[in-house]
Amino acid sequence: MNETLEQQIKRLEFCRDCIDQSYKAGRDEYNRLERMIEELKEQLKSTDYVCSKRQRR
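Numbering of the sequence shown is given in the numbering used here, commencing with residue 404 and proceeding in unit increments.
These aren't lab readings, by the way, just hints derived from the structure by calculation.
The C-beta atom is built at its ideal place from N, Cα and C for all residues, glycine as well.
The reader is advised that the hints may include incorrect statements.
[Unchecked claim] Distance condition first, Cα-Cα at most 30 Å in a straight line; then the derived BS3-like pairs of lysine-lysine: (1) K427 with K444; (2) K427 with K413; (3) K448 with K413; (4) K413 with K444.
[Claimed, not checked] Per label pair, the in silico range of CB-to-CB distance: (5) D451 with F417: 20 to 28 Å; (6) L415 with S449: 12 to 20 Å; (7) D451 with D423: 31 to 39 Å; (8) S449 with N405: 14 to 22 Å; (9) Q446 with C418: 17 to 25 Å; (10) K427 with K448: 27 to 35 Å; (11) E442 with N405: 17 to 25 Å; (12) L408 with R435: 14 to 22 Å; (13) S449 with E416: 16 to 24 Å; (14) K427 with C454: 34 to 42 Å; (15) E437 with T407: 18 to 26 Å; (16) F417 with Q446: 17 to 25 Å.
All chains should be built: construct the whole structure from the sequences, respecting the hints.
Okay, structure coming up:
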């Protein structure tokens, strides 16, 4: 799959929001996806920063 970072974030957020958190395994999976989403958002921020810096040159 050739997804952009934005698409990956949206897909993971959708998956995260569908998880049944009434079980420990569900809460663990929710937290794991939440960490992945945050990491992707950080990558997106750093990518946007680099791209905007290049455009200024």
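Taking the numbered hints from earlier one at a time, note which ones the structure violates and give those numbers from smallest to largest. none
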